[in-house]
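Asker: With chain A held as given, fit chains B and C onto it using these hints.
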Amino acid sequence: MRISRRAAVAAVVLATVLPLSACGGGSGADSTDASGKVEGEITFQTWNLQANFKDYFNGVIADFEKKYPGTEVKWVDRPGEGYADKISADAAGGTLPDVVNVSPDLVAPLAEAGIALDLDKAASKYREEYLPEAWASHQVPGAEGTFAFPWYLNTGPMFYNKRLLEKAGLDPAKPPATYDEVFAAGLKLAGASGGKVAALANVPTIEDFGRYGGALMNDEGTGFAFNDAKGIELLTKYKELYDAKALDPQALTATPESSGHKFLTESVAMNPGSALDLANFKKQAPGLYKNIGITDQVSNTGKANMYVMGVMVNAQSKRKPASVAFAHYVTDATRQMEFAKQVAIFPSTAGSLDDPYFTEEDGTDETRVRVAAAKSLKTAVNYTPVLFSEQMKTELRNQIAKALQGKQSPKVALDNAVKACDRLLQQS
Amino acid sequence: MKTPVTPSTATRPTADGVPGPRSRPAASGPGAPGGSRPGRRISRHLPLSPWLFAAPGLLVVGAFSLYPFFSTLVNAFTDRRTLVPGTFVGLDNFQELLHDEMFWIGLRNSTLYVLGVVPALVILPLLLAMLVQRQIPGITFFRSAFYTPVVASIVVVGLIWVWMLDDRGLINSLLEAVGVGKVGFLSDQWLLLMSAMTVTVWKGLGYYMIIYLAALANVPRELHEAAAVDGAGAVRRFLTVTVPAVRSTMVLVAALASVSAFKVFSEVYLMAGPSGGPAGEDTTLVMLVQRVGTGLTGRVGYASAISVVIFVVTVGLMLLVLRADRKEDA
Amino acid sequence: MSILRTTDAEGRRIPPWQLVLRYALLLLVLALTVGPFLWQLSTSLKGPGEDIFSSPPKFLPSDPTLDNYTRVADTIPVWEYALNSLKVASANVVTNCVGAALAGYALARLRYRGRRAATLAFILAMLVPVEGIIIAQFTTMRDLGLNNTLLGVLLPGSIGAMNVLLMRNAFLNLPQEVEEAAYVDGANVWQRFLRIALPSVKGTLAVVAIFAFMGAWDDFLWPLIVLSDPENFTLTIGLNYLHGTFANDERLVAAGTIIAVAPLIALFACLQRFFFRGVGEGAVKG
Chain A
1 MRISRRAAVA AVVLATVLPL SACGGGSGAD STDASGKVEG EITFQTWNLQ ANFKDYFNGV
61 IADFEKKYPG TEVKWVDRPG EGYADKISAD AAGGTLPDVV NVSPDLVAPL AEAGIALDLD
121 KAASKYREEY LPEAWASHQV PGAEGTFAFP WYLNTGPMFY NKRLLEKAGL DPAKPPATYD
181 EVFAAGLKLA GASGGKVAAL ANVPTIEDFG RYGGALMNDE GTGFAFNDAK GIELLTKYKE
241 LYDAKALDPQ ALTATPESSG HKFLTESVAM NPGSALDLAN FKKQAPGLYK NIGITDQVSN
301 TGKANMYVMG VMVNAQSKRK PASVAFAHYV TDATRQMEFA KQVAIFPSTA GSLDDPYFTE
361 EDGTDETRVR VAAAKSLKTA VNYTPVLFSE QMKTELRNQI AKALQGKQSP KVALDNAVKA
421 CDRLLQQS
Chain B
1 MKTPVTPSTA TRPTADGVPG PRSRPAASGP GAPGGSRPGR RISRHLPLSP WLFAAPGLLV
61 VGAFSLYPFF STLVNAFTDR RTLVPGTFVG LDNFQELLHD EMFWIGLRNS TLYVLGVVPA
121 LVILPLLLAM LVQRQIPGIT FFRSAFYTPV VASIVVVGLI WVWMLDDRGL INSLLEAVGV
181 GKVGFLSDQW LLLMSAMTVT VWKGLGYYMI IYLAALANVP RELHEAAAVD GAGAVRRFLT
241 VTVPAVRSTM VLVAALASVS AFKVFSEVYL MAGPSGGPAG EDTTLVMLVQ RVGTGLTGRV
301 GYASAISVVI FVVTVGLMLL VLRADRKEDA
Chain C
1 MSILRTTDAE GRRIPPWQLV LRYALLLLVL ALTVGPFLWQ LSTSLKGPGE DIFSSPPKFL
61 PSDPTLDNYT RVADTIPVWE YALNSLKVAS ANVVTNCVGA ALAGYALARL RYRGRRAATL
121 AFILAMLVPV EGIIIAQFTT MRDLGLNNTL LGVLLPGSIG AMNVLLMRNA FLNLPQEVEE
181 AAYVDGANVW QRFLRIALPS VKGTLAVVAI FAFMGAWDDF LWPLIVLSDP ENFTLTIGLN
241 YLHGTFANDE RLVAAGTIIA VAPLIALFAC LQRFFFRGVG EGAVKG
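Listed in order, the protein sequences are those of chains A, B and C. Its first residue numbered 1, the first sequence is counted upward by one per residue in this note's numbering. Its first residue numbered 1, the second sequence is counted upward by one per residue in this note's numbering. Its first residue numbered 1, the third sequence is counted upward by one per residue in this note's numbering.
The following block holds chain A by itself, in its conformation from the complex (with noise of 0.2 Å):
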């Protein structure tokens, strides 16, 4: 009681003093001199890893401590859920640890307000060891530089059930791998059950404007400009998937989890999905299991999305050249190629996806997602915009909704929903 009622008297005291602006941020720490001796203690933050890598990760750091006499490097890891909160109040607080595991969209507003260390200054001789894609992925519009070192790459197939399509009448062996394809397969997966069976449980993101070929942004990366003519035709054809029940009746409030059970339960036929989600399958519904098949992303384009995971230094670390070599050390060929081996995900370094793991098959079907889902990322894209934040994500969800219901033409809709984005952009 005592103590905290000292301590309450303490805050009441320092929160008059203190200015009401204490969540300055970065004051542009712009020291990105990263040269010097590899020393002292560091904070390495993940996302959402501990659980399942804990070995591999006191691995990895046992053997850099031993790399760099005098380093210590202290591993915290955060759940997947709040991990944006987290950075934020850290952020915003200034205690955000020295080597932060972060996704583009983080990334973007950190490098803004100069939190993020420039790497193109600190580490450029590291630049040619990644592909060149992954290392452009943590490149914000608007801010010279790139601010993480590329870490693990993601992509998924398409899953689909073999025994809907064929009820269908359509071939399990063939299944749609263009738009076109998808929606003529919908129609009649929709006519064949009564509306029973839908084609896809969820309504198009910013990555299927991108893989049905249209432009997200303006060239200048200053607007955006998914209202384009091919937008507009991806989304009418969306309204007829949704008018024929082709398209399940509750993708305008889906969410990933909630598509996946859809699939499960068989209400829907095809749900895009990552080379992980094979061993849950087999795990929830081994009943299911013989029926999936696998095959390339629906893409107009030739190319996949790819997820890009990156690996940040904070500006305002006081130990920037060990944070710079544990950042680097940790996404490098050795370990991110130890680390794909725990886990289906694919190294974001040169010349590690034409390693023998990558490219020869056993017959098994992990083997098999694993190898079309590297072939498939060498000349992937990261469709989804680094400065396409959350809020955005939602104004361009809802807009899509009004045109599948209706209240709005594709047009309008869409019209609407860059010009909401826009004004979000420039507020930024």
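Bear in mind the hints are in silico, worked out from the structure with no lab data behind them. One or more hints might be untrue.
[Said to hold, decoys possible] Heads up, simulated BS3-like pairs for lysine-lysine below, C-alpha to C-alpha not over 30 Å straight-line:
#1 A/LYS196 to C/LYS58
#2 B/LYS182 to A/LYS66
#3 B/LYS182 to A/LYS407
#4 A/LYS282 to C/LYS58
#5 C/LYS58 to B/LYS182
#6 B/LYS182 to A/LYS37
#7 B/LYS182 to A/LYS167
#8 C/LYS58 to A/LYS245
#9 A/LYS174 to A/LYS196
#10 C/LYS58 to A/LYS283
#11 A/LYS290 to C/LYS58
#12 A/LYS74 to C/LYS87
For clarity, every value in this text was computed on a predicted model and none was experimentally measured.
Answerer: Chains B and C alone, transformed into the frame defined by chain A:
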């Protein structure tokens, strides 16, 4: 808002117990100098003791609720973002609110939520409390069991209900079996809102039941006995003894329920999804605060303006409930 | 507690038809409130070979196993996290019961200038939308040097405004006469509070205790933001790891849920016996 307790009062040493009543006569109650005056409200205490009693509580809420809210109030007039300190923009945020379609949708849904949920949460838990009040065999088990929805985390509850209300879920399978056919609980904007309300009521039943049980327990049993001797039936005893005896609790429950209903977030977020149902039509005000204000790209200033509106409306709701209470008093 | 007589608290007999009706109603509500958890429990007991997404759903596991619980304990240090949660939740019970009782008594029973203002402060605090202030709270905590400590997790909720108001309400409902008698007998304010007022509101105190425990036990976002070191993590944060980045196993999630809920139900079952015993002992009787 001025904090009623200055730190100097709060930290005054209590060890001697006699901080000199005469030095601060203003703080003392009317009874203090006069000594015993039976029949008046109890007021004999050293002038500082009420403050000492209230101090810990006031400090905690002051430091961790009111002060942070004060900064929200300030932020509402700036264009601050999570990582960008803002500048003063006057009433811009509030003007933007007026033209923000989503804001009006949120206000509508939060209001509907209060209207839908509060009556149920004032009445049903009271009936439930009376049902479990009597000491019949096994009642301990039932009481605890009815409380389980409260103790389960809302995330779990949300998942379970989404699973049950799904197109292929338990409830729709039952409805199809009896020939009603599928109901789109999770795809229609109004059904979604109603489903979320159902979950709120379901989860709140046990919570308010406990508050009522405590109140019923504090009701002197003589009142019931007297009424029973007079030959009053169950319904009459409910209306003439129970309801008046727990009326202040009913008011409290109404106040608590309306405030939390207006600030509803989790149930709708989990059932309608982060974007708030089809085309965002199920967005509530707090969901909007969360959506626009959090994350690294959050518009703290604008979200603060919405928070201020929420605060003002809940203050209004509180006053409304308290006023209704006073009217009944008269 | 072994009263098997079919009488109510007031000692009157209950007619058999009424008893049957009561039990019927009780069972109905039971099915509604507990059913979903039994479903969760059943999922947590299903083995890896069993389809948990079959439709129509199967209620009983065909081959019940505790394997999922072992796996939860293998994935995260459940006991350490539960201990942290227990520390915070127990401390929260103590601070809330003491702080809310003191403040509630001051608001309800003592007369002084500024009482209305103090009451208003608590009411306003209850109305503050938490979502908007969490970063400001974090900065305050950091300035106090309490970020990344369990004390930092505890403090903001250590005396809940709502609990203060609940206690105030309970004290207001006590008849004045009892305390006045004590006052005439020369009892000072502290004695009146401790010996007369407090024992009469045991029921509400138990409610506050339950709410306080539950609030601290279930909270996710605030501990997540305050804490950085995994060794300080609370159970809710730990269980969130079961929603893996790479795989979501519904069975594990279900087992985690049950682990999180079980202590709360147990606590409540214990406490509620206590608070109904306290009911009859109220000072009001005299």
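Asker: Now look at each hint and say whether the structure bears it out.
Answerer: Against the structure, the hints come out as follows:
{"no.": "1", "hint": "A/LYS196 to C/LYS58", "verdict": "21 Å, holds"}
{"no.": "2", "hint": "B/LYS182 to A/LYS66", "verdict": "63 Å, violated"}
{"no.": "3", "hint": "B/LYS182 to A/LYS407", "verdict": "24 Å, holds"}
{"no.": "4", "hint": "A/LYS282 to C/LYS58", "verdict": "18 Å, holds"}
{"no.": "5", "hint": "C/LYS58 to B/LYS182", "verdict": "20 Å, holds"}
{"no.": "6", "hint": "B/LYS182 to A/LYS37", "verdict": "68 Å, violated"}
{"no.": "7", "hint": "B/LYS182 to A/LYS167", "verdict": "23 Å, holds"}
{"no.": "8", "hint": "C/LYS58 to A/LYS245", "verdict": "28 Å, holds"}
{"no.": "9", "hint": "A/LYS174 to A/LYS196", "verdict": "22 Å, holds"}
{"no.": "10", "hint": "C/LYS58 to A/LYS283", "verdict": "17 Å, holds"}
{"no.": "11", "hint": "A/LYS290 to C/LYS58", "verdict": "21 Å, holds"}
{"no.": "12", "hint": "A/LYS74 to C/LYS87", "verdict": "25 Å, holds"}
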